[in-house]
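Chains as they are written, first to last, in this note's numbering: chain P, 3 to 345; chain X, 3 to 345; chain S, 3 to 345; chain R, 3 to 345.
Each hint should be verified, as a subset may be incorrect.
Put simply, identical chains are the same to the list, so a pair is met inside one copy or across any two.
Said to hold, decoys possible - As a list, the in silico PhoX-like pairs of lysine-lysine whose alpha-carbon atoms are at most 20 Å apart:
no., residue 1, residue 2
1, 345, 326
2, 79, 113
3, 307, 209
4, 247, 113
5, 76, 201
Please keep in mind that the hints were generated in silico from the structure rather than gathered at the bench. The model shown is predicted, which means the values in this text are computed figures rather than measured ones.
There are 4 protein chains.
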Amino acid sequence: MKALVLEEINKLSIRDIDIKEELSPNDVRIEPQCVGICGSDIHYYKYGKIGDFIVNEPMVLGHEASGIITEIGKNVKNLKVGDRVCMEPGIPNFQSEETMNGIYNLDPEIKFWATPPIHGCLRNSFVHPAILTFKLPDNVSFEEGATVEPVAIGMYSAKKAKIEPGDIALVMGAGTIGIVTAISALASGCSKVIIADIKDEKLNIIKENYPAITTVNALNVDLLEVVHNVAPRGVDIFFEATGAKNMLSTFTKYVRPGAKAVLIGMPIEPVALDVVGCQAKEVTLFTIFRYVNMFEKSLRLISSKTLNVKPLITQKYSFDDAIKAFEFAASEPQDAIKVMLYK
Amino acid sequence: MKALVLEEINKLSIRDIDIKEELSPNDVRIEPQCVGICGSDIHYYKYGKIGDFIVNEPMVLGHEASGIITEIGKNVKNLKVGDRVCMEPGIPNFQSEETMNGIYNLDPEIKFWATPPIHGCLRNSFVHPAILTFKLPDNVSFEEGATVEPVAIGMYSAKKAKIEPGDIALVMGAGTIGIVTAISALASGCSKVIIADIKDEKLNIIKENYPAITTVNALNVDLLEVVHNVAPRGVDIFFEATGAKNMLSTFTKYVRPGAKAVLIGMPIEPVALDVVGCQAKEVTLFTIFRYVNMFEKSLRLISSKTLNVKPLITQKYSFDDAIKAFEFAASEPQDAIKVMLYK
Amino acid sequence: MKALVLEEINKLSIRDIDIKEELSPNDVRIEPQCVGICGSDIHYYKYGKIGDFIVNEPMVLGHEASGIITEIGKNVKNLKVGDRVCMEPGIPNFQSEETMNGIYNLDPEIKFWATPPIHGCLRNSFVHPAILTFKLPDNVSFEEGATVEPVAIGMYSAKKAKIEPGDIALVMGAGTIGIVTAISALASGCSKVIIADIKDEKLNIIKENYPAITTVNALNVDLLEVVHNVAPRGVDIFFEATGAKNMLSTFTKYVRPGAKAVLIGMPIEPVALDVVGCQAKEVTLFTIFRYVNMFEKSLRLISSKTLNVKPLITQKYSFDDAIKAFEFAASEPQDAIKVMLYK
Amino acid sequence: MKALVLEEINKLSIRDIDIKEELSPNDVRIEPQCVGICGSDIHYYKYGKIGDFIVNEPMVLGHEASGIITEIGKNVKNLKVGDRVCMEPGIPNFQSEETMNGIYNLDPEIKFWATPPIHGCLRNSFVHPAILTFKLPDNVSFEEGATVEPVAIGMYSAKKAKIEPGDIALVMGAGTIGIVTAISALASGCSKVIIADIKDEKLNIIKENYPAITTVNALNVDLLEVVHNVAPRGVDIFFEATGAKNMLSTFTKYVRPGAKAVLIGMPIEPVALDVVGCQAKEVTLFTIFRYVNMFEKSLRLISSKTLNVKPLITQKYSFDDAIKAFEFAASEPQDAIKVMLYK
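Just chain P, with the same shape it has in the complex (with noise of 0.2 Å):
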């Protein structure tokens, strides 16, 4: 089997690798078609861990993926040969009790794609549950499909932070995770998202293809201002998706009492909450890992055109020129939110 691995820090080759994967009866088996380029994936190729995990044996990468089913196992009933899926990456033990209880995404056995020791699925194809594979509805394409990975992030956000009609939010951050929170806000019912970054290019990308968000690049414009001219006792929900060490001293000034935050940035270290802040107008703190149970219906706002993700698809490179398009991932490109694959 081929597949683009990680053989070693900064070390990426495209190759035959040998992974046995028996396909089980609630399995089936698939054919990636699309694979975007996650910020992860260029961790592990950059620094070869991501905390504890650590990339010890040469990995397949890969996470965000579309393909096309090629074999069912026999107790799988709502799939079949020739569909077009999208796949949820981590797969929990089914038998813990955080997947009893619905959030399986935290069960501590959970084994994640293209996370060490678990191969991704930058391969020729791969064995998946049935249950973490989502039919593709026709008018969704490969790419499209691929991006839903990184778009369940903002979805979950979005879901988590119980958003009531008419809300007004901010978000914190324009990179992948800040967008794909900003439209899954909108489209969960906030009449007004503002999101606030310090670098044009990111906030660019979204004036032009995103009308709908208010843009604010926050070292030219006082972005209290702008939170009050639409939210005079300030927004609804609070999204923090920049993981940058100063943002939860001091946000509290943004937020209307009995405000809702959602911490979706990773910082590296702890960093400093404004308690008494948050006191003073009972913020209420969600905090997300992944997803859970958000495919499908990150599908479905795809489908109906509520979430539009064609722009979230910024360069295009095929398998072949895997390598290159993680060179240039790496790179830390500004104009590019998703490097897609394609087959």
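Take the given structure of chain P and dock chains X, S and R to it, following the hints.
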């Protein structure tokens, strides 16, 4: 003061009426600009009562209104003379248990416009609490402002349903309330909304103006098949907006396990509920009484163009022709959603 | 293997039966020690069916059990041979949508002990998933462990009601389910629980064993007056545990604005619901199907002495006398709550 | 009118003071019977300010009180002269957005007893809104009634945590607030509550009076081991009641995936929060500001003997000895929870 007065059953007059209203420090005085005719106005006109509420004295009609502020009380800070506004028509006891708990709509002492013995707003001017008076955004017209009252019912239904982004909803009944519920559900994160009725006229208005909504005439089409095509396990949310007596004995076939239902329609008598069918899918049934805290959020979604309320206004009359307008609305016209009166 | 077999209507035998069960890696094998007799066991015994579930083949009865582990699968970590345990009797498809969403009790494919064609647990031993097998705390006896199944229904009702500390609840029906609901409501933060029935025998058992619960014979006492004495605006929570057909047409007089109702009783046919009465107080109606994720939490409250389940066991028989026990239970004894069988 | 007046830092006097209060139609006049001394009273006494609230003028202290009604306004229906009552000390603007939304505690205009420039209740009499005045049940004494104010904070913390029956909680901090939180958590459905502190005196008071609570001196005992013994996956609820600066950087090790934390303690400055640790377990963090709508529910649980507040009162003084009582309370006595003043 001139007003549209319901003298007795079937007898309206436009005449002077003496209503003394003092402007308390937290109040504003308003001159109405647009007033929509509601089904309850028509019901009092034709039958002189709704349930225990009986018109024993001449009563001014109207409770769906927008207007201009002409005077403000000395404590009022957020509004000023000349402001364009719309009004929430129910005034609770502000020091009641219900108000303190954020459910002032359920305060038994609430005084609601055009609900006997409380006069409505179809008169030269009226006094209203500032906290129940909402500034219209610049891009929201008086006629749009006058639709906020019925829209708030749809918005509140959508909020009660705790819609998750991507949910699929079924609305039974294509009357005014069914329509405002359907557009509110879409605005609140639903990926798809099906609306069913047995009258083509109403469904056609929807089809023309709200193409995102799937319309079904349940007399001609198998609704269950339509539902299963878009939601094989059943819909996530069921909105009952007919009040018909057979709805709750059969609806569970349309919904998925864990679904939510919102009962908006008001059946004249108790209706049969399939309790065991609900239990087998653990359906939660929400009921609503008008709305609470929904005016500002509705205005935000109208202003952001997420909610398009203009198609709701199907007939227009001047205040001077109000009696003619009531006669028309009382004739049960099938091509009407909302009859609007203009100053 | 020896078992209590329902051969056909009204015919039980204790005899050898051949049940082949393989121990999968996630399973344990258990030898039962105590088994309670449930109303559904009696119903199959007397009528051979419940709804669409028909006993066409001889079937082992029993689903409320505690036991000792005699063998464990190779993946099982949290349990060991010799552990004292109780078991959740419904086995879902672990890779279903419902399980992934944390509502495995609603999985249409669930296999539930002693629900045809699935054998129950009144036999020498059985195999069960470890994740549905719960270690008894040291201070919880086998007989207490065997009550967890019915207690879980009361606990789940209490959880569904989202009781706030200090709430007042009214439980209609003093059968087993009414009682476990009442004690669960008290354990979950209710300051007061009123239970109403029309049979003194059941109420007397409660009066003697659970003095914190207020008992009302609704034939002799004005229930509304009792309610208004302790909760002038009405109760916060209404638990319907009778399944009687007139309950939902009149209950709203007992509840406060914003109240919650939990429908636990299972009426044979659809019953009249006072929709407008519910709307006027915005009552939310929850329904439940068995329970989900309640065994461990029930055990904790039994172990902490918050839930006293011992008075529930009113009659005791040995496994050898199981047929006699069933005959007794089938005679509708008024002084019985739970008939318990012991090894 | 005689009152306990804070003249300036460190200077109290009992003297006549002229406070004009009109009895509005919705108000009652009350003569206090018991008043507890709060940490904030002591703080103003010793430092003359808390944050931005500065004592610039002589101010009457006291806000935890019970009393007898001596006069009622003409609209007051639920209370009468002679009623024994306790009072919620914060008076919001009843026509504010926060009040309408049921979060009147967050109204920026709230007037709170003994928070400058608002006088407290340690005086002969005061006027108060009837809606914030609560009748004591017959079996609740004045001194118990005067504990409702601090108890309401614990009750509100427990309510915010959305405790499910059977949950296990960890409370950090055994001060007054830690204790009322711990007993409220037990009353709200927790099967077990662990309270940790580093001072034996406070823990000993708990050990003697509340045997159901597990006390841990974290200096001598490995708290993590204690937690894992009762909750191998971690506790369901974490209550932070110390305000210490290192708590939020390390607490996630104590909690289970999907846990909830309530931040009650008020750190002087922003404190380090382990965001990634929270995300890995998707911890939700609630913050609270005083309480909202908790007095009646607290009284119910005191009346039902679920909440035993008597042990909270550790020292007793007469109103005439109030200055002595303040001096004692200001000396940071380790054997004190609540110092109570009696008429």
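Structure-based check of each hint:
For the identical chains of this complex, residue 345 and residue 326 are intra-copy neighbours only, at 15 Å inside a copy versus 68 Å across copies, given an alpha-carbon limit of 20 Å. In the homo-oligomer, the alpha carbons of residue 79 and residue 113 lie at most 20 Å apart only across protomers (18 Å), although the nearest pairing inside one protomer, at 24 Å, exceeds that limit. Taking the shortest Cα distances, residue 307 and residue 209 sit within 20 Å of each other both inside one copy (18 Å) and across copies (18 Å). For a Cα distance limit of 20 Å, the shortest separation of residue 247 from residue 113 qualifies neither inside one copy, at 30 Å, nor across copies, at 35 Å.
Neither within a single protomer nor between protomers do residue 76 and residue 201 lie at most 20 Å apart by alpha-carbon distance, with minima of 51 Å and 46 Å respectively.
Hint check: violations occur at hints 4 and 5; the rest are consistent with the structure.
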